[in-house]
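S.K.: Single-letter residue listing:
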Amino acid sequence: MTARRALTAVPVLLAVTLGVFAIAAASPFDPVRAYAGTAGLTASQENLDQLRHNLGVDRPLLTRWWDWLTSALTGDLGDSASLRAPVSQVIGERLGWSVLLCALAFALAVTIGTLLGVLAARRRGGALDRAVTATAYVLEAAPPYWLGLLAVWLGALKLGMLPAGGLTDTGTDLVTAGQTARHLALPALVLAASQLPWFVLYVRQGVGDALTEDPVRGARARGLRERTVLLHHALRSGLLPVLTLIGSRVPELITGALLVETVFSWPGIAAATVQAATSVDFPLLAALTVLATAAVLAGNLLSDLLYGLADPRVGFDG
Amino acid sequence: MTSRSIRRVAATALAATMALTAAACAAPNEGRGSTKPTDTAVVGIAFEPETLSPLLGYGKDGNSKIFDGLLTHDAEMRLQPALAAALPDVTDGGRTYTFTLRPGVKFSDGTPFTADDVVFTYDTILDEKTNNASKAELDALDTVEKKDDRTVVFHLKYPYAPFAERTVLPIAPRHLAGKQDVNTGPFTTHPVGTGPYVLTTWSKGEKLTFTANPHYWGGAPKVKHLTMAIIKDDDIRATRLRSGDLDGAILPPELAATFKTDTGRRTLAAKTFDYRNVTLPSANPVTGDRAVRRALDLAVDRQAMVKGILSGAGKPAYGPVPTDSPWFAKGTERPHDLGKAQQILDEAGWKKGPDGVRAKDGQRASFTLWYLSGDKLRQEHALAFASDAKKAGIEAKVESGTWEAIEPNMKQDAVLAGGGSPADPDFDQYLLLHSSLAGDGFNNMSRYASKTVDDQLVAARRTDDHQARKTAYDTIQRELAEDPAYIFLTHVDHLYVVDDRWKDLTTQVEPHDHGLASGPWWNAEDWQPAK
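Heads up: the protein sequence lines correspond to chains A and B, in order. First residue of the first sequence: 1, per the working numbering; consecutive thereafter. First residue of the second sequence: 319, per the working numbering; consecutive thereafter.
FYI, nobody ran anything at the bench for these hints, they're computed from the structure. Ideal Cβ placement from N, Cα and C applies to all residues, glycine included. There are no misleading hints in this set.
Facing chain A, according to a computed beta carbon distance under 8 Å, are these residues of chain B, among others:
hint: 1; residue: G375
hint: 2; residue: E446
hint: 3; residue: N449
hint: 4; residue: A451
hint: 5; residue: K453
hint: 6; residue: N501
hint: 7; residue: T502
hint: 8; residue: G523
hint: 9; residue: D563
hint: 10; residue: T720
hint: 11; residue: W721
hint: 12; residue: E722
hint: 13; residue: L749
hint: 14; residue: N761
Non-contacting residues of chain A with respect to chain B, defined by C-beta distances greater than 10 Å in every case (computed):
hint: 15; residue: A6
hint: 16; residue: V12
hint: 17; residue: R124
hint: 18; residue: A127
hint: 19; residue: T135
hint: 20; residue: G218
hint: 21; residue: T255
Next comes chain A alone, as it looks inside the complex:
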């Protein structure tokens, strides 16, 4: 199944990159204006025209896309106009930090979410359940940007415990594990908090429903221990929707990371995405879109695989 899914990803990726080129070309943003920055406001028309030619943005859409595609296939991703460096270098320098942030936040959200969901489902309507559910709804409604500002205010300003931004202490440039961990804490917690409610609510619903289903009631009737019932029967079937959720949360995680990285000056790929989009930086934008699309496709594949593993009734070729 994996190989076939990977094959179908090819036309999807092709269509997505062409779409990105078409949308970017139709957008009102002018790549030359973006490239020139403030200097463009005093540059002569002749100078701007020369820039347009040098950047290759005066060529037709399909030509540009085809050139990008053919050179990308040979491993040359082109040069980013907005960041003035080869695209592969831009991605190489930034992707790791974004993956670290997202992976940690995601792990936290899944772990804590599952935990809280199970606890809430055990006594539906109880005090814990109501507290957890209410918090989840509030978090669901809170934009990550706002949560970020709140975290900066609380963690960095009021308590003075954690740094408010950056990858390392602002005054030094040594990247050590300890420093990175301290700087990672707030953005990862904020990103995790923004993803948490989905997992809490899904697990709570799934496990809660499973607890009232026949197999669980049967298991209880057979006198199995409550722990076995909960972990082996209820949790297993209650987690199925969560596994689907894991894959489908990937796009949300990417947009969440985008806002969180901006608030915390985290040097990840998300900030570069915004810049690439607003400056119509085709090579960078296309490469990043391929990456994001691949991440989403992989996320879906992963949740299908997990689903298959968790529930033997689901075939891998379904």
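Go by the hints and put chain B onto chain A.
M.R.: For chain B alone, coordinates are given in the frame of chain A:
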């Protein structure tokens, strides 16, 4: 049993989370309080440079920290020799500039600096394959010639008095930058120069860190580690300044005001040439009418804008030259006079209609005024202008948009524009007023055309006699007062809040752009500890 096991899982998870948090907080925040070493400075800036390569335009106005130009500016914006041993020798009626280079200067990688580097830098910028958007600033330059290792001669196409001001642009090393793609090579992000600081890391979107260049020809800086944190959001920058993370930052007026009572920090206001004005396109039947222009010029209450919009941090503007500059033509100030404005419009035949808006020969006194969306300062200026114009019976319909949306409308619609370049009056005024540049990109957006002004602009750039130049620019400013093709509103001060750990901090007169090294850190290499 079950609940116990779940509790155990929960306890483990909680313990793990707490351990993580504890580990994260274990190191005390040595960044707080006044115990910080004075050889380290961290400043917060709002804009990140696109590139650090002077060949692509970085540091073209001087103050690049990593690089030096042939000349540089002192606190009063006077030209001083840097990589040149002295100010240039100008001959051939102002068309030949000869520079003798400072001996013994080395790039931070140890390679000696020579005339070849100067020739390479200017030739590369002028090369049409180089994506430098500011190369038009060197329009006057024809060729650069190396006489010997220590002598460089610039040949101009025409006599251009302010040319020496252009030679503050940084010199790049030929042995490194000459061997790679000028537009995207590693030099654009990992530069090597002769300057007081050496770039150690550039984490894009986060910060730039520098260490002092111990072999700097001007003497090793006292501040050994300099960090420029890039924080685009004003509120976050203020928060990080307050948390002790930053030693200084640029802030908008309303946020700078919140630090007024702070005993450990003080606010520095940099005087600027940074103006906000309203363009009045000559093609529009309303804004092209001289009576309307003169009436608007008198109807706007500049003092109220300075007080209300800038919280006092700025001054009224009557032209591109600020009123406290020696280049300002005394007597061209126009006080707020609504009565006079009404009278001018009445006399010109603009009669008030039932809705309060004037009209003449069926033409309503109404036009569209654009401002850059998201720019709060411009928005407030635009709204104040529209409200003042309304009182005189002229309707300015305020609209916002990106430059892409504004540009196609610039020919007939007014725009809330900004600009300002303190180094020489030619830099602003030629681009703003010369008829040959009408509608050329963002130059001369009003499409102003006046034979007198054109002649004076050319005369002023072709002579280096100071008195003759002053007379020419006085004439231009008086012409502009008679026929205000732009309504200048304010000159905006730039505000910086800085920790009290250094003494005698200064600021230069600043341009419209917020460069990397503007503000009190324009001369971070000269900072001295307060104790």
